[in-house]
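Residue numbers (our numbering), protein chains in the order written: chain C, 1 to 314; chain G, 1001 to 1248.
If you are wondering where the hints come from, they were derived from the structure by calculation, not from laboratory data.
Since the model is a prediction, treat every value here as computed from it, not as a measurement.
Treat the hints with caution; some may be incorrect.
Here are a few chain C residues that face chain G, going by a calculated C-beta distance under 8 Å [to be verified]:
id, residue
1, Ala94
2, Asp95
3, Leu118
4, Ala193
5, Arg203
6, Phe288
Cβ coordinates follow ideal geometry from the N, Cα and C atoms, glycine included.
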Amino acid sequence: MSILLFVESQQRKLKKGSTELSSYGFALAKQQNTTFTIVTINCEDADKLANYGASKLINLKLSTKHFEAHAYATALAEIATKENAKIILISSSADAKYMGGILAGKLQAGYVTNIVGLPVSNDPLTVKRSVFSNKAFANTILPSAINIIGLSNNVHEEISQNSSTAVEHQDVQTTAKCTQASLEQSEGKATIADADVVVSGGRGLKGPENWGLIEDLADILGAATACSKPVSDMGWRPHSEHVGQTGKPVATNLYIAVGISGAIQHIAGVNASKIKVVINTDPEAPFFKAADYGIVGDAFEVLPKLTEKLKART
Amino acid sequence: MKILVCISCVPDTTSKINFKENDTVFDDQGVQFVINPNDEFGLTRAIWFKEKVGASVDVLHVGQASAEPTLRKALAIGADKAIRIDTHAVDAFVVADQISNYLQANPYDLIIAGRESIDYNGSMVPGLVAAKSDIAFVNTCVQLEIDGSIATATREMDGGMELLNVELPLIIGSQKGLVEETDLRIPNMRGIMQARQKPLEVVPAVESQSKSAIQNFEKPTPKAAVKLIPADDIDQLIDLLQNEAKVL
Ligand SMILES: Cc1cc2nc3c(=O)[nH]c(=O)nc-3n(C[C@H](O)[C@H](O)[C@H](O)COP(=O)(O)OP(=O)(O)OC[C@H]3O[C@@H](n4cnc5c(N)ncnc54)[C@H](O)[C@@H]3O)c2cc1C
Ligand SMILES: Nc1ncnc2c1ncn2[C@@H]1O[C@H](COP(=O)(O)O)[C@@H](O)[C@H]1O
């Protein structure tokens, strides 16, 4: 038995979070008393993972040049079988969640998403996953011979090892089911999925013309910007920024919520973030109950000051 | 064009989440079940196709009779026929097996599922169905046009959008964006009356195996009270974030 870890890349470079995932892979292998193999696909800097304790580091050069879920799942199913993997570890990115079900179907493997730590038991394999949009956890038994587990963001420490695993390259012929007609990607900008800090605005900001306040703060923090549902419904911000139970989930180190009341559906989707700061004029806003730090105050006064002070600090 | 919309019934988003029987079972007492929001966006797009370009729209649920009022609601919104595969939907593998089996005898051009159910947040069923039935899948779909046998679908990724061309049959994972919030329909009296006459078929389940079992649930540990910082003392906030929370 061994463990296979799929580490993603984007534009041929490792994605952020790949070292956290690799560190988890090492800890998991140790716990399961086995070795682990890291697999990357069409990645040019896989060697950056040499010191995470993997016994093998394989880069698959696919004939399908960019991410295509069916081609990736096919290639990973093949290598998982070849490596006799019993646990396959993937991330919680949009791509991983897209591909995970296809991969599980191909391998007839068990599969769980949103796991929040190392398995709570090895025999039978039992993992803790977040359910009901972070309102609960479910300890889940995986009885199958092969299982895929999807790790939530920001749940494991990054620890490098004293290893120097060499990268092997393998060519793989694949066929895509979907043809990419165009791709639009914000380059170099933090995304809600992988940013360390997310600055989010709600209806309290009064209108889209005031979003400069949110963007300035986000810029200085290297943060991604997000918003509440009504803000995207009204077209003040794009849908892709809508976070919460019916929008994108947020599991970041620092979530700053400005002019957001903290409705149950909003909090459900952002509660996995480590530290939450709330800025709101209403001391009774429900969000204060879920926050770590709060300022009862007017966004139009607090935000410029906060941005300025942070700027002075750098 | 034949469209199938897969519907999961989930607790209304305002529901209190509680467990019973030693935290092994979700307590549905007093909980109102609704069409999974991601599925409702998909259903609304399906009805758009029906009205604008001509299509038949069936809805399918794998589960027990308690879901029938939710299926009737889908009929009242405008679906033509509902199908319930009669079994206990213990996990995504059972659901996907049932859907794939149904598709074998009843082919559709377009199968719409949600990106995820908002209760267990699995994000698993459509991918599993795609693999089992060997059909193309586009997840987190925010735009979908169909021209003859070719679909053009926009997929939302982390930090971007991708436009994909793909041949039917296709399964998509739908979410908000596929239609706007304001496009969602509240069933009117006429729709509700019509829904009573529309077929709701109950189909027996085939044998299928679950691949996961919930041992027990846990609630997150309650958090400490918020630390309030005066609005004129931003330095204190920065200091706390830097030195106490260590997130700056
Ligand atoms: C099925 C369903 C799903 C939903 N899913 C989501 C979801 O995924 N995500 C989501 O966000 N919502 C979701 N909602 C909506 C949710 O219930 C709330 O309506 C929404 O989150 C409120 O957004 P808001 O906080 O921006 O606005 P409001 O509730 O209007 O709050 C605005 C806040 O701004 C404060 N404020 C006003 N002026 C200022 C100022 N000058 N400075 C600082 N603060 C100020 C006010 O005190 C108030 O607390 C969902 C609802 C339903 C029914
Ligand atoms: N019991 C079910 N019956 C029919 N469709 C389902 C069922 N459960 C999930 N689905 C579909 O699969 C999607 C993703 O669900 P999940 O994998 O549970 O997150 C849902 O949005 C539905 O479209």
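Here is what the structure says about each hint:
no.: 1; hint: Ala94; verdict: 5 Å, holds
no.: 2; hint: Asp95; verdict: 7 Å, holds
no.: 3; hint: Leu118; verdict: 15 Å, violated
no.: 4; hint: Ala193; verdict: 4 Å, holds
no.: 5; hint: Arg203; verdict: 14 Å, violated
no.: 6; hint: Phe288; verdict: 5 Å, holds
Violation of the numbered hints given earlier is confined to hints 3, 5; the remaining hints are satisfied by the structure.
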